[in-house]
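Chemist: As given, the protein sequences belong to chains A, B and C, one line each in that order.
By the count of my numbering, the first sequence reaches residue 214 at its end, each step adding exactly one.
By the count of my numbering, the second sequence reaches residue 354 at its end, each step adding exactly one.
By the count of my numbering, the third sequence reaches residue 95 at its end, each step adding exactly one.
Hints listed in this document are in silico derivations from the structure and should not be mistaken for laboratory results.
Just so you know, not all the hints are guaranteed correct.
As the list claims (entries may be wrong) - Partner residues are not named here, just some residues of chain A that face chain B (Cβ under 7 Å, in silico): (1) 124; (2) 126; (3) 133; (4) 137; (5) 169; (6) 176; (7) 178; (8) 182; (9) 184; (10) 198; (11) 203.
To be verified - Derived PhoX-like pairs (lysine-lysine); straight-line CA-CA distance at most 25 Å: (12) 287/B x 340/B; (13) 268/B x 340/B; (14) 287/B x 268/B; (15) 287/B x 200/A; (16) 283/B x 200/A; (17) 268/B x 283/B.
Remember, it's a predicted structure, so these values are computed and weren't measured experimentally.
We treat Cβ as the ideally placed atom computed from N, Cα and C, and that holds for glycine.
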Amino acid sequence: MIGWELALDIVSWIVFATGGVAVVVGALGLVRFPDFYTRLHAAGVTDTAGAELMILGMLLQAFSPEYDNSWQIAGKLGLLALLQFLLSPVATHAIAHAGWMVGFKPLAGADLRYEGDGE
Amino acid sequence: MGRLIILVLALAAMWLLLSGYFDKVLLLGFGVASVLLASWLAWRARVLDSDSVPAAMFPRVLGYWFWLTFEIGKANIMVMRQALAVEPKLSPKLFTVPNPPRSTVGKATFANSITLTPGTVSVHVRENEILVHGLTDELADEDALKAMGERVARIEGRPA
Amino acid sequence: MTMFVAATAAVIAAMALALIRAIAGPSLYDRVLAGNSIGTKTVLLIGLMGFMMGRPDFLDIALLYALINFTATLAILRFFSYRKIDDAPAAPARDGGAP
């Protein structure tokens, strides 16, 4: 019979692995994507999937018998997840809007050209 | 008055969560004092309105967040595939979607939901429409975003 | 324990990638975006370090850092919106540009 501790560890491993992949792939997109507006989307992957999955993994690990105040740790992690959920889109929108107001033009269309450019 | 009570309860819960002490009288006294001071200041500054304590959205907003989690997951997979592709097939474009919610909290919730979903970022929020930047044609689905806006309008509760 | 080491390694690798974008730019807003992204990862790093050392009390610091990171991003954007921005692209500013 598998103890619940081992099951917890296995689930945490899966969650941490998925979250780690999301964080690294998001950062990779931040480096690879061609212009400012497309990079915003890559940063969004890190901010949502990456961060929330990592926090979920820590939340699962908080219930391992190592810690005697599991519920407080879990509550703090829940608060952290909620803050991340509410604040990260505001920050991303602020950056996008600031760039838009200064007059950044986005690349457009499948051939990635600035609007109005000739051949 | 109802909003004041909700604020007091929320602040007290936050204090208890962060401190973790339930039996030290002195610390609990400090907690009560700071919660009451913060609530009194908020009441005196007249900032207790539907923007600062959006009680009308609860509990329906929780179901919306649950639904939004799956949308975010699906969009994440699509954006990650583009970031890993040897030759990313991007076709970024700007488009506007209507912003149906009536209250400012509802409008902000919808704009934040758009930004939170990878592949779409709200660039400019006007009174009745939002300028959205989409990453690919598949992700920048105008009909899906319109449906999301109507969903927010349904859960936002009575207009303030 | 090893899972925290693996997660920390992933976060640090992602921070290095974001740092490349912060140095390469090319524009101010790319750098602010990379800085904000590094801040998000720092929150995760503080939390993971706390668990790795067996002291999850570090989460208080992570919570504070999440708030400071958000405020700092808005403050930087606000600061630069009141100055001329020299490395903006050659395209003419619409909407009157920065106020």
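Chemist: A separate judgement is required for each hint: does it hold in the structure or not?
Modeler: These are the hints, each one checked on the structure:
1. Using the Cβ-Cβ criterion of 7 Å, the hint placing residue 124/A at the interface with chain B is satisfied: the shortest such distance is roughly 3 Å.
2. Look at residue 126/A: its Cβ only gets to about 9 Å from chain B, farther than 7 Å, so that hint breaks.
3. Residue-level restraint check for residue 133/A holds (minimum Cβ-Cβ distance to chain B is 6 Å; threshold 7 Å).
4. For residue 137/A, the interface hint holds, the least distance from its beta-carbon to any beta-carbon of chain B being 6 Å, beneath 7 Å.
5. With 7 Å as the threshold, the beta carbon of residue 169/A stays out of range of chain B, its nearest partner Cβ sitting at about 10 Å, so the hint is violated.
6. For residue 176/A, the interface hint is violated, the least distance from its beta-carbon to any beta-carbon of chain B being 11 Å, above 7 Å.
7. Among the interface hints, the one on residue 178/A is violated; its C-beta lies about 12 Å from the nearest C-beta in chain B, farther than the 7 Å criterion.
8. With a least beta-carbon distance of about 10 Å to chain B, the hint placing residue 182/A at the interface is violated under the 7 Å criterion.
9. The restraint placing residue 184/A at the interface with chain B holds, with a minimum CB-CB distance near 4 Å, inside the 7 Å limit.
10. Taking 7 Å as the C-beta contact cut-off toward chain B, the hint placing residue 198/A at the interface is violated, the least distance being around 12 Å.
11. A distance limit of 7 Å between C-beta atoms decides the matter here; for residue 203/A the minimum to chain B is near 6 Å, and the interface restraint holds.
12. Distance restraint check for residue 287/B and residue 340/B: the Cα-Cα separation of roughly 17 Å lies within the 25 Å cut-off, and the hinted pair is therefore satisfied.
13. Restraint check for residue 268/B and residue 340/B: the C-alpha separation of about 17 Å stays at or below 25 Å, so the hint holds.
14. Under the criterion of a C-alpha separation no larger than 25 Å, the hint pairing residue 287/B with residue 268/B is consistent with the structure, at around 20 Å.
15. With a C-alpha separation of about 11 Å, the suggested pairing of residue 287/B with residue 200/A holds against the 25 Å cut-off.
16. A distance of roughly 19 Å separates the Cα atoms of residue 283/B and residue 200/A; the hinted pair therefore holds under the 25 Å criterion.
17. The straight-line distance between the Cα atoms of residue 268/B and residue 283/B is roughly 18 Å, inside the 25 Å bound, and the hint therefore holds.
Violated hints, in rising order: 2, 5, 6, 7, 8, 10; the structure is consistent with all others.
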